[in-house]
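Novice: Next come the chains, spelled out residue by residue.
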Amino acid sequence: MGLIGYLLLAAGLFSLGVFGLVTRKNAVGVMVAVELMANAVNLNLVAFSRFHGGNTGQVFALFSIAITVAEVVVGLALVILLFRARGDVTLDLASELKE
Amino acid sequence: MEKLQLFFQTAPVDATQAGHALWLIIALPLLGALISGVAGKVIGRANVHLVTIGAVFGSFLLSLLVFWSVNDFRASAPSPFGGIGYAVGADFGTWFQAGTFRVNFGLVVDHLSGVMLLVITGVGFLIHLYSAEYMSHDKGYWRFFAYLNLFIAAMLTLVLADSLPLLFVGWEGVGMCSYLLIGFWYDDPQKAYAGRKAFITNRIGDFGFLVASFLMVLMVESIVGLPADKLNRAGITGEQVSSRYGSAVAEKGPLAFSVLEETAKALPNLLDEKIVTGPLTGLTYELALTIIMLCFLLGAAGKSAQIPLYVWLPDAMAGPTPVSALIHAATMVTSGIYLFTRVSYLVVLSPVAMITIALIGATTALVAALIAFTQKGIKKILAYSTVSQLGLMFLGIGVGAFWAAFLHVVTHAFFKACLFLAAGSVMHGNADEEDVTKLGGLRKEMPVTWATFLVSTMAITGIVPLSGFFSKDAILHAAHTQHIAGYHGLQTLAWVMGTLTAACTAFYMMRAYFLTFEGERSKDAKTPHAHESAPLMTGPLVVLAVLAVVALVHGLPIMHMQRGGETVTQTLMENFLDPVLRTTNDLVAQKQFLELPHEHESMVGPWIQAWIIAIVSGALAFFIYRRFLPRGGSLQFLEPLRKFSFNKFYVDEVYDALIIKPITVLSRILHKVVDAVLIDSVAVHGTAWLTARTGAVLRYLQTGDAQMYAAVMALAASSGVVWAIFKVLP
Amino acid sequence: MIIPHFTLNDFLPVMPVGVLMAAAIVLMLSEVFLTSTTRTYQAIIAALASIVAGGIAVNNAFEPARLVLQGYAVLDPFSSWTTAMVCLGTFLAVLLSAGFLKHRNAERGEFYALMLFAAAGMSLLSLSAEFITLFINLEVLSVATYALTAFLRRGPRPSEAGFKYFILGAFAAALLLYGAALIYGATGATKLVEVSAALPAAFAKSPALVYAGLGLVLAGFAFKVAAVPFHMWTPDVYEGAPTPVTALMSAGVKAAAFVAMVRTFLFLVKGIDPVIPFTVFSLLALLTMVGGNLLALPQRNVKRMLAYSSIAHAGYMLLGVAALFAPKLVEAGAKVGVLTATPLTGTAQDVSVAVYKGLLFYILGYTVTSLGAFGTISALERREDETRGNTWDLERFAGLAQRKPGWAAAMALFMLSLGGVPPTVGFLGKLFLFSAAVDAGLLGLAIVGVLSSVIGVYFYLRVVVYMFMRPAPIDAPAPFRHWTTELALVTSAVLVVGLGILPGTITEWFSRVGMVFGH
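Protein chains in written order, with the working numbering: chain L, 1 to 99; chain A, 1001 to 1730; chain Z, 2001 to 2519.
Bear in mind the hints are in silico, worked out from the structure with no lab data behind them.
Do not take every clue at face value.
Claimed, not checked - Ranges between beta-carbon positions, derived for each pair: (1) P1308(A) / L2461(Z): 20 to 26 Å; (2) R1045(A) / I2051(Z): 55 to 61 Å; (3) N1047(A) / L2461(Z): 29 to 35 Å; (4) W1185(A) / T2347(Z): 35 to 41 Å.
Every residue gets a Cβ at the ideal spot worked out from N, C-alpha and C, and that includes glycine.
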């Protein structure tokens, strides 16, 4: 499988992530979708790194993973907050902040 | 006489020093406003009076000093373009700069703004004194004085500015203060509405001002780009003009008055040429100039209450009476005339603009005078009279008699302020009764108010030898004898209207006087006995009444000067403003757009004529209101006319019917149509409504659903990328 | 392993950040070790730190523009001034928070620490010159603001706002990351300087990759600056966040994101048909100016109105950005259109200097005005109303002039400045920006900008009308009093008027040549 294959796979994963982000009703599910997108990009980075030689892409991917972890920590805290305030973590249409 | 002249021409302050201290004149009332506005409630009534009145008085003293310096023959420093400046000024450096456009923070006083300075601070000081008593029962006194001081500061900025943008700062400032003061008693919705009406009408005018300034910049820039040989003129080569002009624009900015003056000097040879650079490409300079002047006219009409934007001024009487006297009679409303006198060198280059200004002025004067015939509120009468007098001043501007118009500004400031303050005194002594038919017989009860009101009435009526006669007659005389090239017929019409106005003025002012002060006290009066106001109120009245008489010296033809080998007799004011209007006069002589009378005929004829007009209509008023109708009521056969006039010619209703109603009706129809199509009723009340509705509809896209937001983002990002890729791929 | 040789010179640009971070750590430790009941000292520490950091940044602003830290960051006046303005914003926001939190018994060291971390992220973002750095700094800033948004944990609103912000922010970050990865793939480099050198060749080889990359990076930035149609999170998050945090987000975050966007795209448009970036930025500016103002129009909730207004102001700034990317070679007879340009007046150099000045001055003006406006609101909202929806209703402002004239005057001033009425800083900002845009040939778009700002005047003045011309309701709230809040409001009011009347020296500083590295 050449570079194109990896790119297509990553694009597919990313699109899947976007789809999940838009459609999932569960807050945790939405976060998983966001993770999927980040990992699709990581796949891209690693593939490009291999293609270009050198290790910049891999370093980028490592940083990206580390940053995403920090992000998820805050995200989960927010989900817990959401759960405390509402009693569930469903993202329904009836929201307080709109219009 | 010689010694006296020398005394007036030797100022104790050096001109440069005076120039650098100019900012103080504005800063003092500004500081007063700040102190009174921030700490007024805490420091108490007496201290507020001390601070604010003291600030205006300080400004007045400084203005006197500066005025003195302006008259100093030693101050006649050469202006950057040769000639003599007769001005005291200082440039405090760049105010702001955007690209090639630059505005300096420069203040300047010449003979024109010097007189305005004295009027503003002097009359302002008297009115502050008066207000201390008049507002003594009002809890919002500190707010009132803060606004009043702020107004003075803004008005001073307006006249001290040496460029249009800075003038506009003052222009907006006085507008805002006027709006705040009209709506001073904002808990009354009617009064708050009057404030808003003034605000909106003035915004329309400001729009005109801004467009005019913008076009002016474009025109100046197009002249900068012209080849030097286009700029040749007598005594100076095109290269010199071009380089000086370019550096002046770069140094002072395109909208400084000195640059505008130089522009006017360059224009006579260019008027028929087409502009070749910039967005104005294709227009001739004459057409561009005319458009600019008409836009300024819209701006001036808004501020100075001319047709079609005069409707706000009568409603503005909702504010406290001292405000009406200061802002809506003496100072702010004359800023339109000040503006045109300031740029008089541009006005005289456009005959179309001149005749338009003259006609608008004359029509306004006559219409407002006719409306004033039947009004009942004493302040309403005075308000329409102000509109009418402002119209006369515009007539003066239009026919090129700038000095006469300006003289009328000054005399009008004195007698109209006096009339308003007297009216305030009447209301103060009669439990706030405004209706003239419910007053009467006040002569004995309020002697000082009566005397001052009578003097000012005679002044405005134009009875010789009070000051109003000289200024009004100078305008009418000019309208009769100076001809705008190509518009003789229309100008005669304007002159006739002006003369009729003079007759009407005498009539309605005498009517107001007779109904208020003569005869017996009306049965409907709110209080059985009126009381004369306190000295703090009558004092300013007396001073103003005296000034209304004394100001006549400005209108006396006592100055002789050499021009072109012959001795010309000029009035004091004309002679005094000569340095300011020199370029204007040169341009008139050069272009002949304005035909001046060759020989000065004797003034006695018009004097007698004016006298007859004043006395006949005054007598008519006397007979109607004292003899035929001493008890009120009206003449039956004139009743429909009276109603027509009383309802202000239904102008508000006409505006309502012509502009507001059609929009409403149209929107109703659209509403019905659209309603059938859309479930949500999307009414279209003009553009504003449409905009509001679009916003209101758009907000429903904001569902609060984060996932929908994400979908929109994803869609936008992907469509952008796809668009870019398709744009490059074949 | 080679240890690079760094000199003090390299660390100059990150020194303000060092100060901010050190102070943040001190604040976190103080929360653990000091148990004093009054915590105003924490605000004072944070305020002092932002003053010191801002001072260093101003000092840096007079250094010549250059690459530092092996090309990972730049030191140029553009980023230094941004850092200084971010520090000014943080200073004011911290002062506003002190009273705000005290009033709600929610004073915690973390709050100020998070604010300082966010500020550090903002200033780092403005000087990043490499994609990995850019991404990390963007996340430092974002994660801190996610946490700040949901800091007050009463009722469902803060958590909802926080979570929305988090989800959409993470999505935007992922888009940016994807874009960066694609550009890296096309050019083999992540440093902007190297990327821009390699772009023309990469563009010739695989245009689709480059375009996709650029588009995704732009989408990521557009989210941060809240450009329509990436704006939809803004009102919800701004409304739900504690008001001082909203103020910081509307000023600092936006400023940093704008500067980073400008810097990145100045490098990324090499070798591309200049019409494309110009059209895209013009379109974004158009949509954002018009959309923001239209959306703000029907709002009766003042805080939400200000959120939409911040979108509109981002639109005006985008107008400046579009002016920067205006095509330099335009036929002399080009027609005036909304998305087209007429020829430049003057040289490209002059025009870009004017645009940078306009952008920086606009950001400065918006920072002080918006901090002031949100600050006034924050003082007026009552704690017990937090769970109700009408805390910020226009009706709450009715008759404020009678009850609290000073507050009403300040609020009126901020509204006038937002509406662009002279003599406030808002007017001058608009003047500089619009005239720079006209100089760059964007006459049509500038006219749309002016017209849309006329719409804006309506809803800003409506607040003024309510304050000055409506009677006060019986249960009208009185603003709480705390000296820090008042200090912040007075500072912003003075700056709004002062800069509006005497912009002199500052505009001179902002219009130096060599403002942006490599341009």
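Novice: So, for every hint listed, does it hold in this structure?
Specialist: Hint check results:
no. : hint                            : verdict
1   : P1308(A) / L2461(Z): 20 to 26 Å : 24 Å, holds
2   : R1045(A) / I2051(Z): 55 to 61 Å : 41 Å, violated
3   : N1047(A) / L2461(Z): 29 to 35 Å : 33 Å, holds
4   : W1185(A) / T2347(Z): 35 to 41 Å : 57 Å, violated
Checked against the numbered hints above, the structure violates hints 2, 4; every other hint is satisfied.
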